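So the protein sequences, as listed, match chains A and B. Just so you know, we're using our numbering here: the first sequence kicks off at 1 and counts up by one. Just so you know, we're using our numbering here: the second sequence kicks off at 1 and counts up by one.
Keep in mind the hints are simulated off the structure, nothing from the lab. Keep in mind that a hint or two might mislead.
Covered, in the sense of this in silico footprint (three residues per stretch, anywhere, with C-beta under 8 Å from a C-beta of chain A), are these stretches of chain B [as the list claims (entries may be wrong)]:
{"no.": "1", "stretch": "42–50"}
{"no.": "2", "stretch": "73–79"}
{"no.": "3", "stretch": "83–89"}
Covered, in the sense of this in silico footprint (three residues per stretch, anywhere, with C-beta under 8 Å from a C-beta of chain B), are these stretches of chain A [to be verified]:
{"no.": "4", "stretch": "51–64"}
{"no.": "5", "stretch": "156–167"}
{"no.": "6", "stretch": "170–180"}
Computed from a prediction, not measured in an experiment: that's the story for all the values here. Idealized CB from N, CA, C, for every residue including glycine.
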Amino acid sequence: MSDERYDANFIHRQSFIELDARERAKALFDPGTSRELAGPFDRMESPWLPMQGVTPQADDGCVVMKGKISGQAAVVVALEGAFQGGSMGEVSGAKLTTALDLACADNEKGIPTSAVMLLETGGVRLQEANLGLAAIAEIMASILTLRKYAPVISITAGTVGCFGGMSLAAGLSSYIILTREARLGLNGPEVIEQESGVDEFDSSDRALIWAIHGGEQRYATGLADALVDDDTQQVADAVRRFIAKGVPPVHRSSQVALYRNRIAALDTSRQWEPKELRATWGTSSFAEEKQ
Amino acid sequence: MEQIEFDYPAKRKVSRRAHVGVVGSGDLEVLLEPADAGSSHVIIRTSVDGFRDTWKAVLDRFFAKYDGVVRIEINDVGATPGSVLLRLEQAVEASEQ
Chain A
1 MSDERYDANF IHRQSFIELD ARERAKALFD PGTSRELAGP FDRMESPWLP MQGVTPQADD
61 GCVVMKGKIS GQAAVVVALE GAFQGGSMGE VSGAKLTTAL DLACADNEKG IPTSAVMLLE
121 TGGVRLQEAN LGLAAIAEIM ASILTLRKYA PVISITAGTV GCFGGMSLAA GLSSYIILTR
181 EARLGLNGPE VIEQESGVDE FDSSDRALIW AIHGGEQRYA TGLADALVDD DTQQVADAVR
241 RFIAKGVPPV HRSSQVALYR NRIAALDTSR QWEPKELRAT WGTSSFAEEK Q
Chain B
1 MEQIEFDYPA KRKVSRRAHV GVVGSGDLEV LLEPADAGSS HVIIRTSVDG FRDTWKAVLD
61 RFFAKYDGVV RIEINDVGAT PGSVLLRLEQ AVEASEQ
């Protein structure tokens, strides 16, 4: 490892990735202000998993916490990537949607309330099929309503990443925070390989996966707003920074023409390298075209 | 998935509930709550069928030392007996902090 990659602070960092969903959510609040809503003892578990011989989790892998960030009301929803790949089912989806809707209701009452989603998820829970799809549609509708009033911040730290329908939810949020370990994309590497063959995408090639789906690439091509180290303090600081910024003047997902034109201008007769995309779609050009 | 239940005689009142763990591969979650009855009740849901005797051995060992009157729910995805015992002890620690 070269000297410039060596970080003396590494040893003193408190890893964010190593925390479970509950600990991650709690770590973002002002100390002592958070409380969990619809927690494991409320037993809102999936009714569908046991019918299919799958052990459910008492909170359906979705942790909802309310509290204060920078002294202002906020709700944090964290998906547990270790439970069923963080997948969205009927119950976990309803918890996330309701949390966003309640935040929206508070904003309408004049209580500014931001929302943070910690997304470690493969998307729809296959065992709950259409219910999962419907849940994600509801989540997206709720994000679109809430983001008019207050910033909706998505964080993907790793190691599951954020894929499938929930990558669309991330795309609709006001700000996206990623780490270098995170991956964000619609179709995961294994899905692409399964559908289009190993020549199209080799899902065992980690360098290739991270060059395309990785947090650094997503940030460098202007598809994420912050790239932070796997450090709890850095993640929490980034959240505070974006809450202070408030609702962005233009949401990324509203810039339909910009992204359509980018795709249209891409010469697909040849193979593009991830580095070239950074040069063409990079954050600096993103800022210019936004003017 | 198999559901297994056990009862153990217990006397000591417990004041706080505790939740530890995650229903991830090789791991389990434990929900430990104070109970009123004169015995402790354990409900296990495990993804691995056919290990009733092993669960009994682990819980016999746990309740040989622990005397709280509790209701314990376990959601398991193939945790080893060692992991199960550690999670149970972690739940006890969290409930007695």
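Next item on the list: Confirm or reject the coverage of the stretch 83–89 of chain B by chain A under the rule of 3 or more residues with a beta carbon closer than 8 Å to the chain's beta carbons.
Entry: violated (count 0)
Check: According to a criterion of three or more residues whose C-beta lies within less than 8 Å of a C-beta of chain B, is the stretch 51–64 of chain A covered?
Finding: Our answer is that it holds, as 7 residues pass the Cβ test (under 8 Å) against chain B, meeting three.
Item checked: Proximity test - 8 Å, beta-carbon atoms, the stretch 170–180 of chain A to chain B, at least three hits -> The restraint on the stretch 170–180 of chain A is violated, since only 0 of its residues have a Cβ under 8 Å from chain B and three are required.
Next item on the list: State whether the coverage of the stretch 156–167 of chain A by chain B holds or is violated, taking the criterion as 3 or more residues with Cβ-Cβ distances under 8 Å.
Entry: With 0 residues in contact (Cβ-Cβ under 8 Å with chain B), the coverage given for the stretch 156–167 of chain A is violated.
Margin query: At least three residues with a C-beta closer than 8 Å to a C-beta of chain A: is that true for the stretch 42–50 of chain B?
Written below: holds (count 3)
Note to self: Just to make sure I understand the rule, a stretch counts as covered if three or more of its residues have a C-beta closer than 8 Å to a C-beta of the chain. Does the stretch 73–79 of chain B meet that for chain A?
What the structure shows: Coverage by chain A holds for the stretch 73–79 of chain B (4 residues, Cβ < 8 Å).
Checked against the numbered hints above, the structure breaks hints 3, 5 and 6 and satisfies the rest.
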